[in-house]
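Novice: Residues per chain, in single letters:
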Amino acid sequence: GQNIDQPTEMTATEGAIVQINCTYQTSGFNGLFWYQQHAGEAPTFLSYNVLDGLEEKGRFSSFLSRSKGYSYLLLKELQMKDSASYLCAVSTLSGSARQLTFGSGTQLTVLP
Amino acid sequence: DGGITQSPKYLFRKEGQNVTLSCEQNLNHDAMYWYRQDPGQGLRLIYYSQIVNDFQKGDIAEGYSVSREKKESFPLTVTSAQKNPTAFYLCASSIRLGSSYEQYFGPGTRLTVT
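Protein sequences, first through last, are from chains C and G. In case it helps, the numbering used here puts the first sequence at residues 70 to 181. In case it helps, the numbering used here puts the second sequence at residues 5 to 118.
Simulated crosslink set (EDC-like; lysine to aspartate or glutamate; CA at most 20 Å straight-line):
#, chain 1, residue 1, chain 2, residue 2
1, C, Lys-145, C, Glu-124
2, G, Lys-13, C, Glu-110
3, G, Lys-75, G, Asp-34
4, G, Lys-74, G, Glu-28
5, C, Lys-126, G, Glu-106
6, G, Lys-87, G, Asp-63
Source of the hints: derived by calculation from the structure; they are not laboratory data.
Only chain C is shown next, with the shape it has when bound in the complex (with noise of 0.2 Å):
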């Protein structure tokens, strides 16, 4: 089966940068994608990373090491809409199908 870790909750500063991990025990891995989801709404895609290193779009940025199951969700100059909870899913390949597997989420909350 796949086990995937991320912390529970992180607290930062408006303008601050927050760095969020996710670890993962996985076979078949094919990528990984971390999602927002505000309370009561739909998760929203951010990124996704199947080559190790980085991948930076706007504000977030995503680091992908598939040699130790790491990756993290990079959020620069907080603002207080990123207070939300951070998905990562991993997406592997078990015969002929592919799948999202969810970690549980890490609560965000921005500080004024």
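Model the placement of chain G on the given structure of chain C, informed by the hints.
Specialist: Then chain G, alone, in the frame of chain C:
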């Protein structure tokens, strides 16, 4: 505007009743998914479908059933056999069933069974 719709947003049912949650997409996506989310937990896959008239069980399919008679629609039935049906249910779709295709999510249906 293209997107995924789920209705209703809130649904209340008595224990022992079957209930069907709707999911419609106009994105022309082949693949569709149903997830369940409980407080403080991640999304768990219930069923997925990669094409019309085909669907596969996910990690927690027991007590649920689905159909995929049309490309646009993937309704989920929560049966009375589901022991703990109260949860937030999310439908998603992607262009195709593949690791690199991001999934687009609907707004969700919060089901409460008493």
